[in-house]
Structure formats: C-alpha cells, structure tokens
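Participant: Sequence:
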Amino acid sequence: MWLLFACGSALFAGVTAVLAKIGMQHINSIIATALRTIIVLLFSWLMVLLTGAFSGIGSISGKTLVFLLLSGCATGASWLCYFKALQLGDVNKVVPIDKSSTVLTILLAAIFLQEGVSLTKGIGVVLIAVGTFLMIEKKQSGGETKSAAWLWYALGSAVFASLTAILGKVGISGVESNLGTAIRTGVVLLMSWVMVFVTGQQHSMHGLNRKDLLFLGLSG
1 MWLLFACGSA LFAGVTAVLA KIGMQHINSI IATALRTIIV LLFSWLMVLL
51 TGAFSGIGSI SGKTLVFLLL SGCATGASWL CYFKALQLGD VNKVVPIDKS
101 STVLTILLAA IFLQEGVSLT KGIGVVLIAV GTFLMIEKKQ SGGETKSAAW
151 LWYALGSAVF ASLTAILGKV GISGVESNLG TAIRTGVVLL MSWVMVFVTG
201 QQHSMHGLNR KDLLFLGLSG
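Numbering (this note's numbering), first residue to last: 1 to 220.
Hint data in this document are derived by calculation from the structure and do not stem from the laboratory. Please read all numbers here as calculations on a predicted model, not as lab measurements. One should not assume that every hint holds.
[Unchecked claim] Heads up, simulated DSS-like pairs for lysine-lysine below, C-alpha to C-alpha not over 25 angstroms straight-line:
id: 1; residue 1: Lys121; residue 2: Lys169
id: 2; residue 1: Lys169; residue 2: Lys99
id: 3; residue 1: Lys211; residue 2: Lys21
id: 4; residue 1: Lys121; residue 2: Lys21
[As the list claims (entries may be wrong)] Label-pair restraints from in silico Cβ distances:
id: 5; residue 1: His203; residue 2: Leu127; range: 45 to 53 angstroms
id: 6; residue 1: Val117; residue 2: His203; range: 45 to 53 angstroms
id: 7; residue 1: Gly52; residue 2: Ser9; range: 20 to 28 angstroms
id: 8; residue 1: Ala6; residue 2: Ser118; range: 16 to 24 angstroms
Here a beta-carbon is modelled for each residue, glycine too, at the ideal position from N, C-alpha and C.
Given these sequences and hints, build the entire structure.
Facilitator: Right, here's the structure in full:
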C-alpha cells in the first residue's frame, strides 16, 4: 500500500511543478507560495475532518509538537526556495535538483534515525546522484546565458526538503499523518505570509491575473 501512496506522491508532485510554473507567469513566487498554501491548508484540514483525526489533537506531546513545527518551518523554506527556482529556471532543470533531496534524506536517515543502507540501496543512491548530474549537465551544455540563481534556490529546496522528511518522521510518531500534515501546513501558511509582508510583496497583489490564480489553485 505504501508503494501506491508513494507513486501518487510522485505523480502529483510532477503535476504541481507544471501547474505552478504556469501560474507564476505574472505573480511573485512568494505571493504564489502564500496563496497556494491556503488551498493546501484547507485540503489538509478537510482530510483531517473526513478521517476523524481531529480527536487526536489533544494527545500530541510537547516533543512531537516541536518536531512538527520545525518540520513545518523546513517545509516552508523548501517551498519558498522551490517556487522561486521554478519561476527563475526551467521545470526540467529545477525538479531533478529538488528531487535529489532523496539522496540527502537517505544519508540523514542513516545518521540520525539509524535506518540501514543496504548495498542495493547504496547503488540506487549513487545512480540517482549521477542521473541528476547528467540531466543538469545536458541542459546546461546548450550555452545558456541566464542567471544561475535558480540553481541555488533549487539546492536550498532540496536541503530543506530533506530536513522536512527527517523532522517530519520524528514529529508524526504517534500522530495520525493527516493531522500532522495539517499542523505543518499551518506553519507553512504563517511563514509564507510573513515573508509576503517582510518583502513588501502585499502591494503587488492588486489586479492578479485570474488565469494565474486558477493554475496556482490547481497546483495547491
């Protein structure tokens, strides 16, 4: 069953990247992140209500809550970096770097969670790393002159995504996954809107393109 959910995650992650890229044609990436997080928050809390997970909110320990909040902060940082990278770079270059977080996550899990790394898994990690490098190298060999700022944001997204996985694994121990996701998403929403006002982007929210808003909503 976990394999089906993992495949679903990969499918929707791919759709999210394409829809978000379209939706950010005329919208700042920080505002885009803040707006789409509203949709994610509503969706996640709807799942909490549908699954009856809300009843478990009172039994969350202090330690678990701290790790959930930290995981939410890491998620927020990852999303902000990811969508900035998508806005600046091509989807087929940003996504492979972002997904290279798999390699870092496996290494961190082995160090902090004592999850074993078999020979087969080790070979897989090396192949993922090499494959990511080859994909980026192939795209960069065409003589691009665009700024490489997207690359740093993509790398930041990968690092924070890895931290999200590790912190989230600890945080959801004893907590229903939908409830844990909803709490983390609330942190992301708060963090993203704080960034909107800190950067002064709230003034550019007037007259947003409806088509862009539609695609951002769908990406959420």
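Participant: A separate judgement is required for each hint: does it hold in the structure or not?
Facilitator: The hints, checked one at a time:
{"no.": "1", "hint": "Lys121 / Lys169", "result": "holds (19 angstroms)"}
{"no.": "2", "hint": "Lys169 / Lys99", "result": "holds (18 angstroms)"}
{"no.": "3", "hint": "Lys211 / Lys21", "result": "holds (12 angstroms)"}
{"no.": "4", "hint": "Lys121 / Lys21", "result": "violated (32 angstroms)"}
{"no.": "5", "hint": "His203 / Leu127: 45 to 53 angstroms", "result": "holds (47 angstroms)"}
{"no.": "6", "hint": "Val117 / His203: 45 to 53 angstroms", "result": "holds (49 angstroms)"}
{"no.": "7", "hint": "Gly52 / Ser9: 20 to 28 angstroms", "result": "holds (23 angstroms)"}
{"no.": "8", "hint": "Ala6 / Ser118: 16 to 24 angstroms", "result": "holds (18 angstroms)"}
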